[in-house]
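Once you know that position 162 of the sequence shown is 162 in UniProt numbering, the rest is easy, because the numbers rise by one and skip nothing.
It should be emphasised that the hints constitute simulated quantities derived from the structure, not laboratory data.
Check each hint, because a few of them may be wrong.
To be verified - Here are the simulated lysine to any residue pairs, SDA-like style, with alpha carbons at most 25 Å apart:
{"id": "1", "residue 1": "K246", "residue 2": "P266"}
{"id": "2", "residue 1": "K360", "residue 2": "A165"}
{"id": "3", "residue 1": "K246", "residue 2": "R226"}
{"id": "4", "residue 1": "K202", "residue 2": "K227"}
Claimed, not checked - Simulated restraints on C-beta separations:
{"id": "5", "residue 1": "K227", "residue 2": "S340", "range": "20 to 26 Å"}
{"id": "6", "residue 1": "T69", "residue 2": "K367", "range": "38 to 44 Å"}
{"id": "7", "residue 1": "K161", "residue 2": "K3", "range": "34 to 40 Å"}
{"id": "8", "residue 1": "E216", "residue 2": "K3", "range": "51 to 57 Å"}
{"id": "9", "residue 1": "S259", "residue 2": "S166", "range": "51 to 57 Å"}
{"id": "10", "residue 1": "N338", "residue 2": "I79", "range": "52 to 58 Å"}
{"id": "11", "residue 1": "N75", "residue 2": "L359", "range": "34 to 40 Å"}
{"id": "12", "residue 1": "L359", "residue 2": "D47", "range": "24 to 30 Å"}
{"id": "13", "residue 1": "L359", "residue 2": "K161", "range": "25 to 31 Å"}
{"id": "14", "residue 1": "T314", "residue 2": "L359", "range": "25 to 31 Å"}
Don't be surprised by glycine CBs; every beta carbon is placed ideally from N, CA and C.
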Amino acid sequence: MDKIKVLSIFGTRPEAIKMAPVVRAMQQDDRFLPITVVTGQHREMLDQVLKIFKIVPEYDLNVMGKGQTLSTITNKVIIGLDTILENEQPNLVLVHGDTTTTFAAALSAFYHQIAIGHVEAGLRTWNKYSPFPEEMNRQMVDDLTDFYFAPTSQSAENLRKENHASEKITVTGNTAIDALKMTVQDDYQNPELNEIFDKGNKVVLVTMHRRENQGEPMQRVFRAVRKVIDQHEGVEVVFPVHLNPKIQEMAQKELGNDSRIHLIKPLDVIDFHNAIARSYFVMTDSGGVQEEAPALNKPVLVLRDTTERPEGITAGTLKLVGTEPQDVTNAMIELLENQSIYKKMASAKNPYGDGDASLKILDEIAKSIKR
1 MDKIKVLSIF GTRPEAIKMA PVVRAMQQDD RFLPITVVTG QHREMLDQVL KIFKIVPEYD
61 LNVMGKGQTL STITNKVIIG LDTILENEQP NLVLVHGDTT TTFAAALSAF YHQIAIGHVE
121 AGLRTWNKYS PFPEEMNRQM VDDLTDFYFA PTSQSAENLR KENHASEKIT VTGNTAIDAL
181 KMTVQDDYQN PELNEIFDKG NKVVLVTMHR RENQGEPMQR VFRAVRKVID QHEGVEVVFP
241 VHLNPKIQEM AQKELGNDSR IHLIKPLDVI DFHNAIARSY FVMTDSGGVQ EEAPALNKPV
301 LVLRDTTERP EGITAGTLKL VGTEPQDVTN AMIELLENQS IYKKMASAKN PYGDGDASLK
361 ILDEIAKSIK R
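Hey, can you work out the whole structure from these sequences and the hints?
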(Lines of atoms letter the chains of each structure in order from A; the text may use other names.)
(Lines give C-alpha, C1' and ligand atoms only; values in the text may rest on other atoms or scores of the structure.)
Protein backbone atom coordinates (compact mmCIF):
# COMPACT_ATOMS: atom_id res chain seq x y z
CA MET A 1 0.00 0.00 0.00
CA ASP A 2 1.26 3.49 -0.86
CA LYS A 3 2.33 5.67 2.01
CA ILE A 4 0.25 8.72 2.89
CA LYS A 5 2.13 11.87 1.96
CA VAL A 6 1.43 14.51 4.60
CA LEU A 7 2.84 18.01 4.28
CA SER A 8 3.01 19.66 7.71
CA ILE A 9 3.51 23.42 7.77
CA PHE A 10 4.15 25.82 10.63
CA GLY A 11 6.02 29.06 11.19
CA THR A 12 5.98 30.25 14.80
CA ARG A 13 7.48 28.95 18.02
CA PRO A 14 4.14 27.88 19.59
CA GLU A 15 3.12 26.07 16.39
CA ALA A 16 6.47 24.31 16.22
CA ILE A 17 6.21 23.10 19.83
CA LYS A 18 2.76 21.64 19.22
CA MET A 19 3.49 20.20 15.78
CA ALA A 20 6.84 18.68 16.74
CA PRO A 21 5.29 15.62 18.47
CA VAL A 22 3.08 15.00 15.40
CA VAL A 23 6.00 15.30 12.98
CA ARG A 24 8.21 13.08 15.12
CA ALA A 25 5.49 10.45 15.43
CA MET A 26 4.93 10.54 11.67
CA GLN A 27 8.63 10.04 10.99
CA GLN A 28 8.48 6.81 13.00
CA ASP A 29 5.27 5.51 11.41
CA ASP A 30 5.55 3.36 8.27
CA ARG A 31 2.10 4.46 7.09
CA PHE A 32 3.35 7.96 6.30
CA LEU A 33 5.70 9.88 4.06
CA PRO A 34 6.11 13.15 5.98
CA ILE A 35 7.21 16.44 4.45
CA THR A 36 7.87 19.41 6.71
CA VAL A 37 7.62 23.03 5.57
CA VAL A 38 8.42 25.98 7.80
CA THR A 39 7.65 29.58 6.93
CA GLY A 40 9.96 31.30 9.39
CA GLN A 41 7.20 33.66 10.54
CA HIS A 42 9.15 33.70 13.83
CA ARG A 43 12.71 33.04 12.71
CA GLU A 44 15.00 32.78 15.71
CA MET A 45 12.45 31.27 18.10
CA LEU A 46 11.29 28.77 15.45
CA ASP A 47 14.84 27.60 14.73
CA GLN A 48 15.38 27.03 18.44
CA VAL A 49 12.45 24.59 18.61
CA LEU A 50 13.47 22.76 15.41
CA LYS A 51 16.92 22.16 16.85
CA ILE A 52 15.62 20.87 20.18
CA PHE A 53 13.18 18.43 18.59
CA LYS A 54 15.71 17.46 15.88
CA ILE A 55 13.41 18.37 12.99
CA VAL A 56 15.04 19.27 9.67
CA PRO A 57 12.46 20.79 7.29
CA GLU A 58 12.42 19.81 3.64
CA TYR A 59 11.44 23.38 2.78
CA ASP A 60 11.95 26.77 4.46
CA LEU A 61 10.08 29.77 3.04
CA ASN A 62 11.97 32.20 5.32
CA VAL A 63 9.26 34.86 5.10
CA MET A 64 10.22 36.93 8.15
CA GLY A 65 11.19 40.48 7.32
CA LYS A 66 11.75 43.73 9.18
CA GLY A 67 8.48 45.52 9.90
CA GLN A 68 6.47 42.65 8.44
CA THR A 69 2.70 43.02 8.29
CA LEU A 70 -0.03 40.41 8.33
CA SER A 71 -0.61 41.11 4.63
CA THR A 72 3.01 40.55 3.64
CA ILE A 73 3.26 37.31 5.62
CA THR A 74 0.05 35.99 4.05
CA ASN A 75 1.21 36.94 0.57
CA LYS A 76 4.68 35.41 0.94
CA VAL A 77 3.34 32.12 2.33
CA ILE A 78 0.73 31.66 -0.42
CA ILE A 79 3.21 32.42 -3.20
CA GLY A 80 5.98 30.37 -1.58
CA LEU A 81 3.77 27.30 -1.27
CA ASP A 82 2.60 27.35 -4.90
CA THR A 83 5.58 25.51 -6.36
CA ILE A 84 5.98 23.20 -3.35
CA LEU A 85 2.38 21.98 -3.51
CA GLU A 86 2.52 21.59 -7.29
CA ASN A 87 5.69 19.51 -7.09
CA GLU A 88 4.89 17.42 -4.00
CA GLN A 89 1.14 16.80 -4.51
CA PRO A 90 0.60 15.62 -0.91
CA ASN A 91 -2.47 13.68 0.16
CA LEU A 92 -2.99 16.11 3.01
CA VAL A 93 -1.74 19.49 4.19
CA LEU A 94 -1.61 19.57 8.00
CA VAL A 95 -1.82 22.97 9.70
CA HIS A 96 -2.01 23.98 13.32
CA GLY A 97 -3.94 26.49 15.37
CA ASP A 98 -4.51 30.10 14.46
CA THR A 99 -1.45 31.88 13.07
CA THR A 100 -1.15 33.83 9.82
CA THR A 101 0.98 30.94 8.53
CA THR A 102 -1.91 28.57 9.29
CA PHE A 103 -4.49 30.65 7.44
CA ALA A 104 -2.28 31.30 4.41
CA ALA A 105 -1.24 27.63 4.16
CA ALA A 106 -4.84 26.43 4.36
CA LEU A 107 -5.88 28.90 1.67
CA SER A 108 -3.02 27.77 -0.56
CA ALA A 109 -3.97 24.11 -0.08
CA PHE A 110 -7.56 24.98 -0.98
CA TYR A 111 -6.41 26.72 -4.16
CA HIS A 112 -4.57 23.51 -5.09
CA GLN A 113 -7.58 21.35 -4.13
CA ILE A 114 -5.57 19.41 -1.56
CA ALA A 115 -7.26 18.09 1.59
CA ILE A 116 -6.59 20.04 4.79
CA GLY A 117 -6.21 18.69 8.33
CA HIS A 118 -6.47 21.21 11.18
CA VAL A 119 -4.70 20.35 14.43
CA GLU A 120 -6.27 22.21 17.38
CA ALA A 121 -9.46 23.00 15.48
CA GLY A 122 -12.60 24.53 16.96
CA LEU A 123 -11.30 26.93 19.60
CA ARG A 124 -13.47 30.05 19.73
CA THR A 125 -13.99 33.32 21.56
CA TRP A 126 -16.67 34.45 19.04
CA ASN A 127 -15.08 37.92 19.10
CA LYS A 128 -13.31 38.52 15.81
CA TYR A 129 -10.84 41.02 17.27
CA SER A 130 -9.94 39.03 20.40
CA PRO A 131 -7.46 37.52 20.02
CA PHE A 132 -6.43 39.41 16.87
CA PRO A 133 -5.83 38.12 14.23
CA GLU A 134 -5.95 34.59 15.64
CA GLU A 135 -9.70 34.25 16.18
CA MET A 136 -10.57 34.88 12.54
CA ASN A 137 -7.58 32.93 11.27
CA ARG A 138 -8.93 29.89 13.10
CA GLN A 139 -12.52 30.38 11.94
CA MET A 140 -11.51 30.85 8.31
CA VAL A 141 -9.22 27.82 8.40
CA ASP A 142 -12.07 25.72 9.78
CA ASP A 143 -14.26 26.81 6.85
CA LEU A 144 -11.62 25.33 4.52
CA THR A 145 -10.72 22.24 6.56
CA ASP A 146 -11.58 18.64 5.63
CA PHE A 147 -10.45 16.87 8.82
CA TYR A 148 -10.82 18.51 12.24
CA PHE A 149 -8.60 17.45 15.14
CA ALA A 150 -10.32 19.09 18.10
CA PRO A 151 -8.43 19.12 21.41
CA THR A 152 -11.56 18.93 23.61
CA SER A 153 -15.24 18.05 23.44
CA GLN A 154 -16.03 21.77 23.78
CA SER A 155 -14.01 22.65 20.68
CA ALA A 156 -15.71 19.78 18.82
CA GLU A 157 -19.10 21.14 19.84
CA ASN A 158 -18.10 24.59 18.55
CA LEU A 159 -17.42 23.03 15.17
CA ARG A 160 -20.75 21.22 15.10
CA LYS A 161 -22.53 24.50 15.93
CA GLU A 162 -20.98 25.90 12.75
CA ASN A 163 -22.43 22.96 10.78
CA HIS A 164 -19.14 21.18 10.22
CA ALA A 165 -19.78 17.47 9.68
CA SER A 166 -19.54 15.38 12.85
CA GLU A 167 -17.90 12.48 11.01
CA LYS A 168 -15.00 14.77 10.10
CA ILE A 169 -14.38 15.84 13.73
CA THR A 170 -12.13 13.85 16.09
CA VAL A 171 -11.43 14.77 19.73
CA THR A 172 -7.73 14.09 20.25
CA GLY A 173 -6.52 16.06 23.25
CA ASN A 174 -3.91 18.77 22.77
CA THR A 175 -0.47 18.04 21.33
CA ALA A 176 1.01 20.51 23.85
CA ILE A 177 0.67 17.75 26.45
CA ASP A 178 2.53 15.36 24.12
CA ALA A 179 5.36 17.89 23.93
CA LEU A 180 5.62 18.13 27.73
CA LYS A 181 6.40 14.41 27.88
CA MET A 182 9.44 15.13 25.73
CA THR A 183 10.72 18.23 27.55
CA VAL A 184 10.06 18.16 31.33
CA GLN A 185 12.93 16.43 33.13
CA ASP A 186 13.37 15.35 36.75
CA ASP A 187 17.11 16.03 36.54
CA TYR A 188 16.76 19.33 34.67
CA GLN A 189 19.55 21.84 35.29
CA ASN A 190 19.96 25.46 34.20
CA PRO A 191 22.43 27.56 36.23
CA GLU A 192 20.66 30.89 35.57
CA LEU A 193 17.23 29.57 36.51
CA ASN A 194 18.53 27.41 39.36
CA GLU A 195 19.90 30.53 41.02
CA ILE A 196 16.37 31.95 41.10
CA PHE A 197 14.34 28.85 41.87
CA ASP A 198 16.68 27.42 44.51
CA LYS A 199 16.23 30.37 46.90
CA GLY A 200 13.05 28.84 48.28
CA ASN A 201 10.85 31.82 47.40
CA LYS A 202 7.54 31.60 45.55
CA VAL A 203 8.37 32.22 41.88
CA VAL A 204 5.72 33.64 39.56
CA LEU A 205 6.35 32.97 35.86
CA VAL A 206 5.06 35.75 33.59
CA THR A 207 4.66 35.87 29.81
CA MET A 208 2.94 38.64 27.87
CA HIS A 209 3.12 39.48 24.19
CA ARG A 210 -0.28 39.62 22.43
CA ARG A 211 -0.94 42.46 19.99
CA GLU A 212 -4.11 43.58 21.76
CA ASN A 213 -2.22 43.87 25.08
CA GLN A 214 0.71 45.93 23.80
CA GLY A 215 0.75 49.49 25.07
CA GLU A 216 -1.47 50.61 27.94
CA PRO A 217 -2.90 47.17 28.92
CA MET A 218 0.62 45.77 29.28
CA GLN A 219 1.73 48.81 31.27
CA ARG A 220 -1.19 48.34 33.67
CA VAL A 221 -0.31 44.70 34.27
CA PHE A 222 3.38 45.41 34.79
CA ARG A 223 2.62 48.10 37.37
CA ALA A 224 0.28 45.74 39.23
CA VAL A 225 2.94 43.02 39.25
CA ARG A 226 5.54 45.39 40.64
CA LYS A 227 3.16 46.59 43.33
CA VAL A 228 2.45 43.03 44.52
CA ILE A 229 6.14 42.07 44.50
CA ASP A 230 7.01 45.18 46.53
CA GLN A 231 4.44 44.11 49.14
CA HIS A 232 5.48 40.42 49.35
CA GLU A 233 9.09 39.79 50.33
CA GLY A 234 9.13 36.04 49.69
CA VAL A 235 8.02 36.31 46.07
CA GLU A 236 10.03 36.63 42.85
CA VAL A 237 9.07 37.01 39.20
CA VAL A 238 10.66 35.40 36.17
CA PHE A 239 9.68 37.12 32.93
CA PRO A 240 11.18 35.83 29.67
CA VAL A 241 10.64 39.02 27.66
CA HIS A 242 9.43 38.75 24.07
CA LEU A 243 11.91 40.00 21.45
CA ASN A 244 9.52 42.71 20.25
CA PRO A 245 11.41 45.99 20.94
CA LYS A 246 8.28 47.75 22.26
CA ILE A 247 7.71 44.97 24.81
CA GLN A 248 11.38 44.98 25.76
CA GLU A 249 11.30 48.75 26.32
CA MET A 250 8.16 48.69 28.44
CA ALA A 251 9.33 45.74 30.53
CA GLN A 252 12.58 47.52 31.35
CA LYS A 253 10.78 50.76 32.14
CA GLU A 254 8.12 49.28 34.45
CA LEU A 255 9.83 46.18 35.87
CA GLY A 256 13.56 46.83 35.58
CA ASN A 257 16.02 47.47 38.43
CA ASP A 258 14.27 45.19 40.92
CA SER A 259 16.33 42.38 42.45
CA ARG A 260 13.30 40.10 42.71
CA ILE A 261 12.00 40.68 39.16
CA HIS A 262 14.13 38.82 36.64
CA LEU A 263 13.76 40.06 33.07
CA ILE A 264 15.47 37.36 31.03
CA LYS A 265 15.80 36.51 27.36
CA PRO A 266 13.19 34.19 25.80
CA LEU A 267 13.66 30.60 26.95
CA ASP A 268 13.89 27.61 24.68
CA VAL A 269 11.07 25.11 25.02
CA ILE A 270 12.91 22.78 27.41
CA ASP A 271 13.90 25.63 29.71
CA PHE A 272 10.42 27.15 29.55
CA HIS A 273 8.52 23.95 30.28
CA ASN A 274 10.82 23.17 33.20
CA ALA A 275 10.42 26.73 34.47
CA ILE A 276 6.64 26.21 34.49
CA ALA A 277 7.13 22.97 36.41
CA ARG A 278 9.19 24.76 39.09
CA SER A 279 7.07 27.92 39.33
CA TYR A 280 4.42 28.65 41.97
CA PHE A 281 1.87 29.94 39.50
CA VAL A 282 1.81 31.42 35.98
CA MET A 283 0.52 34.69 34.56
CA THR A 284 0.12 34.80 30.78
CA ASP A 285 -1.74 36.04 27.73
CA SER A 286 -0.45 33.08 25.70
CA GLY A 287 -2.80 30.41 24.43
CA GLY A 288 -0.43 27.46 24.68
CA VAL A 289 0.64 28.23 28.25
CA GLN A 290 -3.03 27.93 29.28
CA GLU A 291 -2.77 24.26 28.30
CA GLU A 292 0.78 23.50 29.41
CA ALA A 293 0.68 24.88 32.97
CA PRO A 294 -2.45 22.97 34.09
CA ALA A 295 -0.82 19.74 32.91
CA LEU A 296 1.96 20.53 35.39
CA ASN A 297 -0.52 21.41 38.18
CA LYS A 298 0.19 25.13 38.10
CA PRO A 299 -2.61 27.70 38.48
CA VAL A 300 -2.83 30.19 35.61
CA LEU A 301 -3.96 33.82 35.69
CA VAL A 302 -4.98 34.71 32.13
CA LEU A 303 -4.12 38.31 31.26
CA ARG A 304 -6.86 38.68 28.68
CA ASP A 305 -10.53 39.66 28.59
CA THR A 306 -11.49 36.56 26.60
CA THR A 307 -10.10 33.08 26.09
CA GLU A 308 -10.68 30.47 23.43
CA ARG A 309 -9.84 27.85 26.05
CA PRO A 310 -12.91 27.98 28.32
CA GLU A 311 -12.41 24.35 29.38
CA GLY A 312 -9.63 25.52 31.70
CA ILE A 313 -11.93 28.11 33.28
CA THR A 314 -14.65 25.50 33.79
CA ALA A 315 -12.19 22.96 35.22
CA GLY A 316 -10.79 25.58 37.58
CA THR A 317 -7.18 25.50 36.35
CA LEU A 318 -7.41 28.98 34.78
CA LYS A 319 -8.74 32.30 36.01
CA LEU A 320 -9.55 35.04 33.52
CA VAL A 321 -8.36 38.30 35.12
CA GLY A 322 -7.91 40.73 32.21
CA THR A 323 -5.52 43.67 32.46
CA GLU A 324 -7.16 46.07 34.95
CA PRO A 325 -4.61 46.75 37.73
CA GLN A 326 -6.89 46.03 40.67
CA ASP A 327 -8.11 42.75 39.15
CA VAL A 328 -4.55 41.61 38.50
CA THR A 329 -3.43 42.65 41.98
CA ASN A 330 -6.33 40.90 43.70
CA ALA A 331 -5.83 37.67 41.73
CA MET A 332 -2.11 37.56 42.50
CA ILE A 333 -2.60 38.23 46.21
CA GLU A 334 -5.33 35.59 46.41
CA LEU A 335 -3.03 32.88 45.04
CA LEU A 336 -0.11 34.02 47.18
CA GLU A 337 -2.03 34.24 50.46
CA ASN A 338 -5.01 31.87 50.21
CA GLN A 339 -3.76 28.27 50.33
CA SER A 340 -7.24 26.81 49.90
CA ILE A 341 -7.85 28.58 46.59
CA TYR A 342 -4.31 27.86 45.42
CA LYS A 343 -4.60 24.12 46.12
CA LYS A 344 -8.01 23.97 44.43
CA MET A 345 -6.61 25.46 41.21
CA ALA A 346 -3.39 23.46 41.35
CA SER A 347 -5.18 20.14 41.80
CA ALA A 348 -7.96 20.68 39.25
CA LYS A 349 -8.06 18.10 36.48
CA ASN A 350 -6.27 19.12 33.30
CA PRO A 351 -8.90 19.18 30.53
CA TYR A 352 -6.46 18.95 27.61
CA GLY A 353 -5.73 15.24 27.39
CA ASP A 354 -3.12 12.78 28.54
CA GLY A 355 -0.35 13.09 25.97
CA ASP A 356 -1.44 10.77 23.16
CA ALA A 357 -2.98 13.36 20.82
CA SER A 358 -0.37 12.83 18.09
CA LEU A 359 -1.10 9.11 17.80
CA LYS A 360 -4.85 9.76 17.66
CA ILE A 361 -4.31 12.29 14.87
CA LEU A 362 -2.20 9.89 12.82
CA ASP A 363 -4.65 7.02 13.26
CA GLU A 364 -7.52 9.22 12.08
CA ILE A 365 -5.56 10.41 9.05
CA ALA A 366 -4.67 6.82 8.13
CA LYS A 367 -8.32 5.83 8.43
CA SER A 368 -9.69 8.78 6.48
CA ILE A 369 -7.33 9.48 3.59
CA LYS A 370 -8.13 7.66 0.36
CA ARG A 371 -4.98 6.43 -1.38
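The hints, checked one at a time:
no.: 1; hint: K246 <-> P266; in the structure: holds, 15 Å
no.: 2; hint: K360 <-> A165; in the structure: holds, 19 Å
no.: 3; hint: K246 <-> R226; in the structure: holds, 19 Å
no.: 4; hint: K202 <-> K227; in the structure: holds, 16 Å
no.: 5; hint: K227 <-> S340: 20 to 26 Å; in the structure: holds, 24 Å
no.: 6; hint: T69 <-> K367: 38 to 44 Å; in the structure: holds, 40 Å
no.: 7; hint: K161 <-> K3: 34 to 40 Å; in the structure: holds, 36 Å
no.: 8; hint: E216 <-> K3: 51 to 57 Å; in the structure: holds, 52 Å
no.: 9; hint: S259 <-> S166: 51 to 57 Å; in the structure: holds, 56 Å
no.: 10; hint: N338 <-> I79: 52 to 58 Å; in the structure: holds, 54 Å
no.: 11; hint: N75 <-> L359: 34 to 40 Å; in the structure: holds, 36 Å
no.: 12; hint: L359 <-> D47: 24 to 30 Å; in the structure: holds, 27 Å
no.: 13; hint: L359 <-> K161: 25 to 31 Å; in the structure: holds, 28 Å
no.: 14; hint: T314 <-> L359: 25 to 31 Å; in the structure: holds, 26 Å
Checked against the numbered hints above, the structure breaks none of them.
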